[in-house]
Amino acid sequence: MRNLIDLEANAIKWWPEQLSEIARDASIIPKLIETQDKFISLLNIADASPFAWKTVLSMSKKLSANLLLKHLIVLSDISGEKLMRFKKELPQIFPDSTMVFTWNGSRYSYIFQTLLNKKTWSNPHLKVDGKGLATKEYLSPMMDDVINLILFGGASILANLPPDITEKCMIGTLIGHKKELDSFVRQRYIWVSRITGGATANALGNLAQRYVFDYLQDKLPSWDFTKKQIPKISQNDRTSLSFDVVASSPKGKCCAIEVSFQVTTNSTIERKAGQAQARQQLLHKNGHKIAYVIDGAGNFERASALKTICQFSDCTVTFKDSELDLLLNFLKSLDKGQV
-16 MRNLIDLEAN AIKWWPEQLS EIARDASIIP KLIETQDKFI SLLNIADASP FAWKTVLSMS
44 KKLSANLLLK HLIVLSDISG EKLMRFKKEL PQIFPDSTMV FTWNGSRYSY IFQTLLNKKT
104 WSNPHLKVDG KGLATKEYLS PMMDDVINLI LFGGASILAN LPPDITEKCM IGTLIGHKKE
164 LDSFVRQRYI WVSRITGGAT ANALGNLAQR YVFDYLQDKL PSWDFTKKQI PKISQNDRTS
224 LSFDVVASSP KGKCCAIEVS FQVTTNSTIE RKAGQAQARQ QLLHKNGHKI AYVIDGAGNF
284 ERASALKTIC QFSDCTVTFK DSELDLLLNF LKSLDKGQV
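Mind the numbering: the sequence shown is residues -16 to 322 in the numbering used here, read in order.
The hints are simulated quantities; they were obtained by calculation from the structure and are not laboratory data.
Check the hints yourself; a few may be wrong.
[Said to hold, decoys possible] Computed cross-link-like contacts, DSS-like style, restricted to lysine-lysine with a CA-CA straight-line distance of at most 27 Å:
| no. | residue 1 | residue 2 |
| --- | --- | --- |
| 1 | K14 | K101 |
| 2 | K303 | K215 |
| 3 | K(-4) | K303 |
| 4 | K268 | K319 |
| 5 | K114 | K14 |
| 6 | K215 | K315 |
Generate coordinates for the entire structure from the input sequences, incorporating the hints supplied.
Put into structure tokens, the structure is as follows:
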């Protein structure tokens, strides 16, 4: 059982920068949807060569370089954190800073201009955070690098690229294919709008769940985090119980994960505490576990509820990355039969 004093000592209590950044990004989505036709038009026209988009961009009045890049980042689902990681990894993959890729059946080369620079590929440096997008920015060498990586990285002839690049950096293959490009962009923005719509305090709670989901999925790629329910775990043998996140191991072990980050006090944590004992008993009966990710100044004002949760939780952590790593280790131990 996690000690409440120890849990609070390792808490963040206020919204972490990662979630604040996501919330700011959510407010940008309407602007992206408003300019999606311009984005589609640019990539559709720029079909003479893989780099023709630069010429079309230079003539565009409504689509700035940083807004074009933001479209690509959102559509490819490449976070700022992943871009910074790529910046560290790619110098070993492209030692001469040259990416060779195939496009429309021919080979092309792109030479990265900032791969060996000290500056990180962060959202502020790329001018794609909330503050940066308030201003129209011209194409910088760093933006140029990231745009070409997202467009063509997945088409690189190298086989040892990070999976996020090979699987997600393929938008360049849609250049000049209006029907496919139009369908991809519109469907993607429908999904993005549902995920990020209305970044209020309540929506931030959903973003907290999303952050935990993304963190675990990134570190445990062979696990399944796509479901919200666990087979045979139901209420009154009729209605399946839903959890904030469900971690399913390669060997079929499951751990329900409940997430709560409340800066101001409310009844959410009381509800979770009221369900804690029954949920743990039901999960244990079926060979599964339950964990809680709890943080926020408001939650720690409800000491009694937190004590109850700690008592009926198999693993209780806060939002610190070091704490989420404890949850990772707990999940890994499930397949080893250590818990």
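Here's how the hints hold up against the structure:
Restraint check: the Cα-Cα separation between K14 and K101 comes to about 31 Å, which exceeds 27 Å; the hinted pair is violated. Under the criterion of a C-alpha separation no larger than 27 Å, the hint pairing K303 with K215 is inconsistent with the structure, at around 32 Å. Distance restraint check for K(-4) and K303: the Cα-Cα separation of roughly 10 Å lies within the 27 Å cut-off, and the hinted pair is therefore satisfied. A hinted pair counts as satisfied when its Cα atoms are at most 27 Å apart, and K268 with K319 qualifies at roughly 19 Å.
In summary, the hint linking K114 to K14 is supported, as the alpha carbons are separated by about 14 Å, within the 27 Å threshold. Proximity of K215 to K315 is assessed by CA-CA distance (about 23 Å); at most 27 Å being required, the pair is judged to hold.
Hints 1, 2 from the list above are not met by this structure, while the remaining hints are.
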